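Chemist: One-letter residues, chain by chain:
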Amino acid sequence: MRRRTVGILVCLLGVALAPAGEGTPESQARPVSDIVALIEAAPAGATVDVPPGLYRGSLRVRRPVVLLGHGQVTIDGGGQGNVVELLAPNITFQGFTVRGSGSGVDREPAGIRAETGPVIIAENRLEDVLFGIDLRTASNSVVRNNVVVGKDMDPGRRGDAICLWSSHECVVEGNRVRQARDMVFWYSENVDVRNNEVSDSRYGLHFMYSHNTTLRDNHVWGNSVGVYLMYSNAITLIENTMERNRGPSGYGIGIKECDDVEIRSNRIIANRVGVYVDNAPLSQGAFGRVHQNLIAYNEVGMLMAPSNHSQQTWNNGFIENEQQVATNGRGNLLANEFHVDGRGNYWSDYAGFDRAGDGRGDVAYVSQSLFEDLMAREPNLRLFMHSPAQQAIEFTARALPVMLPQPNFVDEHPLMTPPQVPGRTVSPGPTGRMGALCAGLLVAGALVMLAGTEPISRMQGARS
Amino acid sequence: MSSGAVQTAVPLPRPCSAARNVISFARREVRDAVSSRWFVLCTGAFAVLAVGVSFMSLAGSGSSGFAGFGRTTAGLLNMIMLIVPLMALAAGAGSIAGERERGTLLYLLAQPVSRLELLLGKYLGLGIALTGSLCIGFGLSAGVLAAKAGGADAAAMLMLVAFTCLLAWVMLSVGMVVSVVSRKVAVATGVGLFVWLALVFVSDLGLMAGAIVFKLRVQELFIVAMLNPLQAFKMGVIVQMNASLDVLGPAGMYASQTYGRTLPWMLVGVLLAWGVLSLAAAGVLFQRKKSI
Amino acid sequence: MIRAERVTMKFGRVAAVNGVSFEVAPGESVALWGSNGAGKTTLVRCLLGILRARGRIEVGGCDARRRGKALRSLVGYVPQELAFHDDTRLGSAMSFFAGIRRVPVSRARELLDQVELDGHERKRVRDLSGGMKQRLALAVALLADPPLIVLDEPTSNLDAAGRAAVMKSLVALKQRGKTILFASHRPDEVASLADRVLVLKRGRLIEDTRPSLLWPSEAGVLTLRLFVDAERESDAAGVLRGAGHLVNLNGHGLCVAVPGDRKAEPIEVLHRSDIRVRDFQVLADYQPDWSRS
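Residue numbers (my numbering), protein chains in the order written: chain A, 5 to 468; chain B, 1104 to 1395; chain C, 233 to 525.
Just so you know, these hints were derived from the structure itself, not from any lab. All of these numbers come straight from a predicted model, not from anything done at the bench. Honestly, I wouldn't trust all of these hints.
As the list claims (entries may be wrong) - Each computed SDA-like pair below joins lysine to any residue, with the alpha-carbon atoms no more than 25 Å apart:
#, chain 1, residue 1, chain 2, residue 2
1, B, K1287, C, K433
2, B, K1287, C, A423
3, B, K1393, C, G287
4, A, K155, A, P35
5, C, K242, B, V1387
6, C, K433, C, A423
7, C, K433, C, K400
8, C, K301, B, A1384
9, B, K1287, B, V1143
10, C, K400, C, G362
11, B, K1392, C, K355
12, C, K433, C, G244
13, B, K1392, C, R286
14, C, K355, B, L1374
15, C, K355, B, Y1362
Put together the whole structure using the sequences plus the hints.
Modeler: Structure follows, in structure tokens:
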């Protein structure tokens, strides 16, 4: 009885959510076995055009076929287990709407699960699924232009939107992910991750023990953490944008114990921490490079563990971060390099000059702040940021150099102009509203002024 | 003066309602304030600072076109927390003490008005004058932002203006307490300056020292800090713009997670409590004051 | 009009007004007489309900403690010197008080005409002469045509002409039936305006009498300037005070207030004390500050 009620509700929901033009009432929903029958009938490698409509049940594809939904086929798993399982190599699954996976985390039910590769999963829309696209040992696969919207529940209970497990040589591109846990890569090497958008999730792009990967032109915003690299070596991030990732850790990019990571030409904006570096590079002889990036408007531009060493940071624009570079705990960052081959970084709070005119400041940029030092000692003091008391402390330290702490690091060759970083520009809001506010405020002020004119004329006017 | 027969039929004059008297005093106060050098000076100084901070904070942002809770707001915040309490405390401190020193207080109280009406009227008038002064400064600043940044968020700016006005009214109340008990403007201004120092610097620095020495827990630190109206103001602005206090580290995150949506109201509540209680205290002290 | 019962006002331990009781009938004109510090000003402030005195004060049936505002609406008050923001323009001040007194602006204009301040609306208060200020204060006091006018030494800062103008206005008001209570230390003003005199000394009411009994003379009060040996001037002042005279001893010499028909009396008193009077002078128009005596 109860199950039937739920079923009806799901159907009603299905009708309500069905894209316009599809218009399939519940009475016309067909069982998934109809699709299975089509697949069984087709020869290997054939293209199967699935007739438009709503199909209910879990679909298991066991033959190498090209399945096309043309955006007019919805498969609803009814909240039970995986919705689509790709169980043979060389399957293409394209143009479907997939929804209604189970929601128990223990069995990790997914919208589309591939157990072997290569497969192509493209242009699908996944809704109300716990895990989205889950590749298990499905190497050489392509995941392209899918949209994944997770279940509307507590972030801690959500599943991963796109998950690669031990799936090498894959391409993940053009996907849009929202309201999920992570887009995560486990033990997967040589993956090409490009042009994806991830928002409102936990970790936008998450790498665990996955080496030799390039991330290019991805846009991650509004997540708890933008990109988190853990125990993964030889990762290159180029021309990505990480914006407003402000969860409890809130890293635009977090790097933990990775070797040979190169971060170049990214836009890292308004995160809690722009780039977090913890023990990277880890091994002797490995490198860690952060260059040509725009690191702006973060609470902390770059946060590094004091034990970190050999990290190279140059040619970046550090613009108006509340703290440009901070140490995570007590200590300093002198074991890392903030200028390479005579080129340092642009610091928006640099107060030096460039007499030679070579684009580099003549005096070093020394990161040395009493308040930041105090905050490293007692993180709770951050509560007093943005207050005159903070300024008073800094002023005291400048006036009495005895009180200045040890320098955090020194950039001997600070740049006078920030590097140009290509990327999408965030469209500025309408000027009109600010203009209207300006006008409104000025009128209010003028009214008060007018109220100040003396009403003598009233007394004189009536006389004459 | 024309002399005439004894007039007994003249209806006895009746005093005005409290509200009308308060408005009369408020209008007079606005008029006096606006035409005073003090007001012009403060308005000018605030406008110059607001515009200057806006310009400077926008200087570095040309390439990105994005300003989160960046230096514009942070710079404005810092400036506001220094200047606005000073303006409001000075205005409040001078109010009653000034009338007393000039001897005008007695003359006003000899009219059919009550002390409370006088106090409220002056408060209202000074508050309006201050608000006007702030509006001009913010208006010019908003003009700079509109012209140079465009994308800066008008709603956030409006929120900043609203909070700043609230702060000004609150500090005005505190100033009036000082004024009511002071005989001379110089004394009142001195005490006001002391209060300003205490609220702006001493309490925060003391609390920081306390946090380090006594290892205060986040909740203790947050609660004690929040009781300072200036910190409440700052946190209020930040929480309205960021939807969270995470900018302020562990204590801020604790507050955001513990109080959630009630947090902004708590902070506004702290400010209102300071304003209302101070004004009430000023009223009671003024009523009880024997010497005029 | 006024009823005061055992009015006491203490500042700390000092009683500025101590157990003062009196009544003033409607239409009556009463002077408060006494030296500086006698408690005149404090008593006036108590009567207006500005200071909360112990005892009982009623004006026109309004209790000063409970209905101070209503009480003050029955009273027009003229201070010793008008204190109003110096930057305020006269017209602006007038319309402000018109608002407080709930009268139309036309009434304010009318009163400015009456006190001959019309045409000065744009002048600032600081630019007014002492006499103009007092006329302005009078105009403000009369805005609502209150039945009682209370004045606290209204002429003490004025020159002879200003004094005369204010006194003339007050006499006219008295004739119109206004009740008047005024503090003064000028015998001539008291004699010409008051029906009764309340004599205050150190906060106590020591006499409630008529001017004619205080200075029983139809001829008015004159100032007599006595020339004695310089080293005996202060002795002389002491002797005269002992005999009940008002004395002023300043740079201008020794001055004594005398009833017009007994000008020789001080000379006799001094003669009895072996103080020789070399010469004397009758100053008809000159009234020194008797309160300092």
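Chemist: What are the numbers of the hints that this structure violates, sorted from low to high?
Modeler: Violated hints (numbers, rising): 1, 2, 7, 11, 14, 15; every other hint is consistent with the structure.
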